[in-house]
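Novice: For reference, the chains in residue letters:
Number of protein chains: 2
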Amino acid sequence: MSAPGSPMSKKNSTPTPRLRLAAPRGGHLLPGGGPAAKGTLHLIPVGLGDAPVDSWLPADARALAARLDTYIAENAKTARAFLKQVGAVRPIQEITIHTLEARTDASQLREWIKPLKAGAEIGLVSEAGCPAVADPGARVVDLAHAGGHTVKPWVGPSSILLGLMASGLDGQRFAFHGYAPVNPEERARQLKTWEQQSARANQTQMLIETPYRNGAMFGTLLASLRGDTRLCIARSLTTPTEWIRTQTIAQWKQGPAPDLDKQATLFLFLAA
Amino acid sequence: MSAPGSPMSKKNSTPTPRLRLAAPRGGHLLPGGGPAAKGTLHLIPVGLGDAPVDSWLPADARALAARLDTYIAENAKTARAFLKQVGAVRPIQEITIHTLEARTDASQLREWIKPLKAGAEIGLVSEAGCPAVADPGARVVDLAHAGGHTVKPWVGPSSILLGLMASGLDGQRFAFHGYAPVNPEERARQLKTWEQQSARANQTQMLIETPYRNGAMFGTLLASLRGDTRLCIARSLTTPTEWIRTQTIAQWKQGPAPDLDKQATLFLFLAA
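Those protein sequences? They're chains A and B, same order as listed.
Using the UniProt record's numbering, the first residue of the first sequence is number 1, and each one after it goes up by one.
Using the UniProt record's numbering, the first residue of the second sequence is number 1, and each one after it goes up by one.
Calculated directly from the structure, the hints in this document are not laboratory data.
No experiment lies behind these values; they were computed from the predicted model shown.
Treat the hints with care, since some could be wrong.
Unchecked claim - Some chain B residues near chain A, calculated using beta-carbon distances under 7 Å:
| id | residue |
| --- | --- |
| 1 | W56 |
| 2 | L64 |
| 3 | A66 |
| 4 | T70 |
| 5 | Q108 |
| 6 | L109 |
| 7 | C130 |
| 8 | G147 |
| 9 | L164 |
| 10 | H177 |
| 11 | G178 |
| 12 | P181 |
| 13 | V182 |
| 14 | L207 |
| 15 | I208 |
| 16 | P211 |
For each residue, glycine too, the CB sits at the ideal point set by N, CA and C.
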């Protein structure tokens with residue numbers, strides 16, 4: 001039996017030999033033998049646009065974000081706006097914000113997360129949405145795992161997940177591809193390849209585009225995909241201009257084009 | 001210019017001909033011409049396990065869920081437990097809960113969502129996590145789109161998204177496959193195919209398993225994948241027994257197996 005109060009005690013109905021038991025959260029066994037300090041890298045989602053924080057962040061995540069004094073952020077300016085939104089408990093200029101760029105080297109990242117060894121808590125935030133999904137934050141998470149530290153993901157907004165839920169397309173199997181190729185011929189060819197993959201594996205396909213090119217992407221999707229393929233447009237999720245619609249390519253061709261200009265949009269499709 | 005107070009007015013800096021302007025949320029134009037009533041299908045995530053609601057649901061989603069009087073649910077019992085958690089404003093026995101099964105036919109679903117035409121609000125909830133992702137709820141969403149109704153996704157917990165964030169694997173490109181084949185040979189072959197796809201497209205692969213078979217799946221992953229492929233185990237997310245770790249297959253082989261028995265687990269891997 002596990003010791004009373006152990007996080008494992010509820011779920012283990014049969015005794016497990018001590019040696020085979022994975023350490024609970026915060027007490028990883030390092031390859032060297034001794035337990036690591038209880039440092040935690042908190043992965044904290046930020047908003048997707050103009051919307052009140054209580055509509056997209058759980059109260060506990062908000063309270064945690066408000067009390068941390070060290071952040072690694074994709075963009076220091078948006079990180080400070082986020083700290084204002086959550087009501088940071090100390091003056092924002094006293095909060096350490098390290099700016100993470102694609103070119104930031106690993107030795108610098110290791111330096112930033114060093115305080116985890118002494119039990120510190122550090123927040124990781126993206127420019128919008130969930131950190132380490134479609135942004136460079138995954139490198140920081142990877143180093144935290146390598147050091148045996150606890151990585152704690154918090155619930156928050158992701159346009160990919162919200163779009164998938166709201167599309168009505170099959171959520172049992174899906175793939176997110178990021179950006180399609182820019183060259184028009186390669187782009188059309190790639191969309192057709194993804195459509196074949198969708199038909200073969202019954203897999204919903206998801207992609208994004210640079211906001212000013214959204215209208216062009218919509219046109220290419222209509223020109224490249226089959227008439228019976230269902231396309232979902234999920235625009236400006238969580239904000240006042242949120243707009244989500246799913247129809248077949250043939251139906252989209254009959255109606256007016258949606259206004260997607262400069263608005264973050266997720267494109268999803270599923271072949272018939 | 002858009003009318004003052006229009007949700008479009010902030011983002012559109014240049015005037016757009018009225019005909020080309022997509023209708024804002026709640027005012028879709030139906031193929032027939034007239035605007036639909038402002039019925040809304042709310043997609044509301046529920047918890048993944050034993051955890052306080054304020055740690056995984058934004059306050060606004062909680063307040064909305066507490067006031068709705070009609071739900072479509074994958075499981076009526078867990079839906080009632082959720083309504084208790086969020087503090088439903090009326091007695092739970094007075095709240096209508098339709099139970100959605102894989103075999104529920106489309107005419108029944110259409111009957112359930114009929115009140116949307118008169119402007120009603122209906123909640124859609126899964127047994128755990130986000131509705132319409134890896135559950136039968138997508139059919140209801142699809143019918144709501146077909147009727148021109150507003151579909152509103154709310155932020156909440158998804159083991160797929162939380163696991164992806166916390167894995168440290170590449171979040172730029174990823175695929176979720178649901179369950180692997182049960183037959184041992186097919187399973188090993190499928191895992192290898194996904195590993196090749198991961199190497200080719202630099203795409204993180206995600207799968208789940210029936211909880212009592214998690215230990216066996218862990219063993220098959222170790223036996224099937226290459227030594228330098230990174231594997232993340234994300235167990236019991238958001239609950240007190242949450243445990244997340246990423247290592248190479250070679251490293252996993254050296255240490256003790258994690259205890260995954262009867263605990264919801266997401267498996268993620270990325271080929272080197």
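Novice: What are the numbers of the hints the structure violates, in ascending order?
Specialist: Those not satisfied are hints 2, 3, 4, 5, 6, 8, 12, 13, 14, 15, 16.
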